[in-house]
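Listed below are the residues making up each chain.
Protein chains: 4
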Amino acid sequence: MCRLVAYTGAPVFLDELLIRPPASLVSQSLAAREAKTVVNGDGCGIGWYHERPQPGVYRGTLPAWSDANLVSLCTQIRARLFAAHIRSETFGEVATANCHPFTAGRHLFMHNGQVGDYAHLRRGIDGLIDDSLYPLRRGTSDSEAIFLIAMGRGMDHDPVQAVTSALESVSQAMRDGGTTKPLRFAAVHTDGETLRAYRWASDGLCPSLYWRNIETGTVVASEPFDTGAWEEVPRGSVLTVSAGEAVRIERFAVD
Amino acid sequence: MCRLVAYTGAPVFLDELLIRPPASLVSQSLAAREAKTVVNGDGCGIGWYHERPQPGVYRGTLPAWSDANLVSLCTQIRARLFAAHIRSETFGEVATANCHPFTAGRHLFMHNGQVGDYAHLRRGIDGLIDDSLYPLRRGTSDSEAIFLIAMGRGMDHDPVQAVTSALESVSQAMRDGGTTKPLRFAAVHTDGETLRAYRWASDGLCPSLYWRNIETGTVVASEPFDTGAWEEVPRGSVLTVSAGEAVRIERFAVD
Amino acid sequence: MCRLVAYTGAPVFLDELLIRPPASLVSQSLAAREAKTVVNGDGCGIGWYHERPQPGVYRGTLPAWSDANLVSLCTQIRARLFAAHIRSETFGEVATANCHPFTAGRHLFMHNGQVGDYAHLRRGIDGLIDDSLYPLRRGTSDSEAIFLIAMGRGMDHDPVQAVTSALESVSQAMRDGGTTKPLRFAAVHTDGETLRAYRWASDGLCPSLYWRNIETGTVVASEPFDTGAWEEVPRGSVLTVSAGEAVRIERFAVD
Amino acid sequence: MCRLVAYTGAPVFLDELLIRPPASLVSQSLAAREAKTVVNGDGCGIGWYHERPQPGVYRGTLPAWSDANLVSLCTQIRARLFAAHIRSETFGEVATANCHPFTAGRHLFMHNGQVGDYAHLRRGIDGLIDDSLYPLRRGTSDSEAIFLIAMGRGMDHDPVQAVTSALESVSQAMRDGGTTKPLRFAAVHTDGETLRAYRWASDGLCPSLYWRNIETGTVVASEPFDTGAWEEVPRGSVLTVSAGEAVRIERFAVD
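Protein chains in written order, with our numbering: chain A, 11 to 265; chain B, 11 to 265; chain C, 11 to 265; chain D, 11 to 265.
One should not assume that every hint holds.
Identical copies go unnamed one by one, so any copy, or any two together, can satisfy a pair.
Taking lysine to any residue pairs in the SDA-like style, the calculated list, with each CA pair at most 25 Å apart, reads [said to hold, decoys possible]:
(1) 191 x 142
(2) 191 x 29
(3) 191 x 170
(4) 191 x 211
(5) 191 x 181
(6) 191 x 179
(7) 191 x 141
(8) 191 x 218
(9) 191 x 146
(10) 191 x 26
(11) 191 x 178
(12) 191 x 143
(13) 191 x 21
(14) 191 x 145
(15) 191 x 265
(16) 191 x 201
(17) 191 x 64
(18) 191 x 222
(19) 191 x 254
(20) 191 x 116
(21) 191 x 212
Since the hints were made in silico from the structure, they are not lab data.
So here's chain A without its partners, still in its complex pose (with noise of 0.2 Å):
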């Protein structure tokens, strides 16, 4: 299981929501180390928005608790929209090019979850990537599949219509594909300035996603890092927000 963690609102650094906190991100990849959960030692990664329209991007396949790049820059920039990612491979191996956000364009995506036998449906999966859009495909995991297929169907319109459709096209390659394994879809997409975060999952044992008001903002994790108020995000819900703006939780089906 990965974890995530997001944010939108008043420009922050990242280190306050990313190192500082208790349990935070790269405390919860080095939590397993005391034995306490699991380890996400797969690579790690960061997008923010600050000045350019599109995202900065760092990626990297040292365990979150070793990269010394990714703490120094947490601890450097200050972002009004921010992702982190730690990895626990489920499909692809361990490249930078496995490790999320992804990006196309100013969007970005991150992923916790699994393509149940995506080993077996990759190729039907990998074919519902638009054709305009598969020079971005540069790893093999299930995560970045499913984000390009979003991407085809939509993403600068209607996002939650875009995901809702790449999710049934999903879904059906593993119907056809005579699977019983589940479609499980942690999420956060945003566009550089709503932020949207998803949970759901074909067999209703979504993984784990919380949020939180804070101060200066929003924030999206994957499990609460501090003794905060947080908030269950509904399995079968998406959440949206932009900045300055309330949080809106509205039902999130897939046929």
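Got chain A; can you put chains B, C and D on it based on the hints?
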């Protein structure tokens, strides 16, 4: 332009052919530091056959000149058949998954050359890979695609025909895609018994390829690495050699 | 805590002892993913002796569980004497130069344990390395320092005395530095002929160390990796074994 | 020979000076691919000051030309003071710990040049590092050693005197060690406010170093990267510039 070396014969330590010669493969990457030739610093790899039917493989993203593991392995490993490659990227980022040699079962393949306009044609060319082999697709390079396409055309039974068929399909995809850029192909393939070296280009401008018999066996190389009696592999031909047998050179043409 | 395995005997493929056993070294790094034990994800390394007097070495910073090169090498290399290590950093960043095993000429060394307060004592302990050996200092770990100090105290002639002398000097430096933290030392050293495994700690809390005779030879390991008849290397002792000879266990004490 | 660039002035995006210019630092690493100049492919690094007193740092072992993280960071980070370096190894293996710039507190340092015979003199030169700063020694390069020696000679109060004192001690160690090889030193140091660029060599053969005022501030570079009005930093001199002030060039001599 990548550079490659392959050997079959009595077992020799890899360093005898890859490191010690005056213009060795490793020094060919080093050479660039003295501005004598191009750089091949986008990763390196070796594959070898010793006691097991499947080849061993080491691949890394550091330039050969700075890869201490590569040097140690070459110093220790003695093999009857091996292949080495230093990469200069044409398409596909610097990543282990894009480093040669590529393997599938007991087969090993490495390539120097290019599929013209591959960035735009990749979708269609990936589509030529047989479904059953698609799970072996690890990276995004044109070279790996050609190998996997050929694997689906009978590399076990008639490798020359399989490679011909693969290149014909790729050529057709290039024509269909409207590119006028060339397909260039210097490559080494082996099934662990027979070594084959191909030299062909759609525009006649084949990447360089040489061969030489040494005391213990036969060597193929992108460029001569010592002052021995190297011969060019003729354009439009395939060289075939099995341990203990004489080298055969036959015409190789792609429609 | 790091983990290590060493073997001497009739040549065996490394994967037989490092990958295939139910609780193999590689799975010991993997194990953490299932929260059964601590993580050892700060790099890995193997060293082996085959035909040449100096050992071959492969070291990398990826966790063993995700290092495809490590797996391929273990599958291909057959050796009469080898050592493997997975690292959990105590001091010294995650870097190839801090990965075990360390080598000097035909000697190979790996360590599980720590020099208490090493961050503060490093200067003085580095100072114990003989001038002639200082050029071999590649990293910043306490383990490499101990090895190089011992190398300067006669590893060629009387290795047990050399290691004793090195640890006594390190202990003295620790006392001089005013630390009350312990010096703990489970280690393997070999000159390519004789394998020695040490288990000692200044506070009696020795890192675990086991050994076992198998059909082809003798194995030493931080923890049993199968259900065989493992015996503890007693605290305060050194195990000595050469190919074809019986294991000797003698008292090992540091003043 | 390494290559470096530094800037102080009004905040600019790093890519404006490091990537977009026709002969940018990144293209200087790339240039070698076209055999026009030497390769600087042994790692790269950037350091920058933005809102916090300590610099941010990114360092990696890939050649600049293939480091996607480096490119993304340069595109996103806007800084009033920054430094960039591409490495061509003279001593010290390719490792993050040997990549420039080096940092200590708010200080940042990078170097192009060499300590002649450093492999043999390293012990004595390391000995010149003050005890209190020795814990900051991460790698094995001569450049990092010079920086840490200077840090112990008053970089906070009188940096030119501190660098002079460090180089005099290193020169003395070289004489004591009996080497006749030169000490060559083109370097950039900053405390986050004032940028200093040094150019000196014991044999007069100084590494190249240029500077230029641009619209927003002042740039120092190993070689001109555009067609602007670059001036040489004279041999045996130090250039000093603080944001908003005029460049001063003074004599710099080492006994």
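State whether the alpha carbon distance between residue 191 and residue 64 is at most 25 Å within one copy, between copies, both, or neither.
-> neither (36 Å within a copy, 32 Å between copies)
Please work out whether the CA atoms of residue 191 and residue 170 approach to 25 Å or closer within one copy, between two copies, in both situations, or in neither?
-> within (24 Å within a copy, 41 Å between copies)
Classify it for me, residue 191 with residue 178: is the Cα-Cα distance of at most 25 Å met within a copy, between copies, both or neither?
-> within (15 Å within a copy, 39 Å between copies)
Which holds for residue 191 with residue 29 at a C-alpha limit of 25 Å: within a copy, between copies, both or neither?
-> Classified as neither; 35 Å inside a copy, 28 Å across copies.
Go through the copies and call it for residue 191 and residue 143: within, between, both or neither, with a Cα cutoff of 25 Å.
-> between (27 Å within a copy, 22 Å between copies)
Is the C-alpha distance from residue 191 to residue 201 at most 25 Å within one copy, between copies, in both cases, or in neither?
-> neither (31 Å within a copy, 36 Å between copies)
Given a CA cutoff of 25 Å, do residue 191 and residue 265 count as a within-copy pair, a between-copy pair, both, or neither?
-> Classified as within: same-chain Cα gap 16 Å, cross-chain 45 Å, threshold 25 Å.
25 Å Cα threshold - placement of residue 142 relative to residue 191 = Cα proximity of residue 191 and residue 142: across copies only (21 Å, versus 30 Å in one copy).
Within, between, both or neither: residue 191, residue 254 at alpha-carbon 25 Å = The answer is neither: 40 Å in one copy and 52 Å across copies each exceed 25 Å.
Is the C-alpha distance from residue 191 to residue 179 at most 25 Å within one copy, between copies, in both cases, or in neither?
-> Close inside one copy (15 Å), not across copies (36 Å); limit 25 Å.
Should residue 191 paired with residue 26 be assigned to within, between, both, or neither, using CA atoms and 25 Å as the limit?
-> neither (38 Å within a copy, 33 Å between copies)
Go through the copies and call it for residue 191 and residue 181: within, between, both or neither, with a Cα cutoff of 25 Å.
-> Close inside one copy (10 Å), not across copies (39 Å); limit 25 Å.
Hint compliance for this structure: hints 2, 10, 13, 16, 17, 18, 19, 20 are broken, all remaining hints hold.
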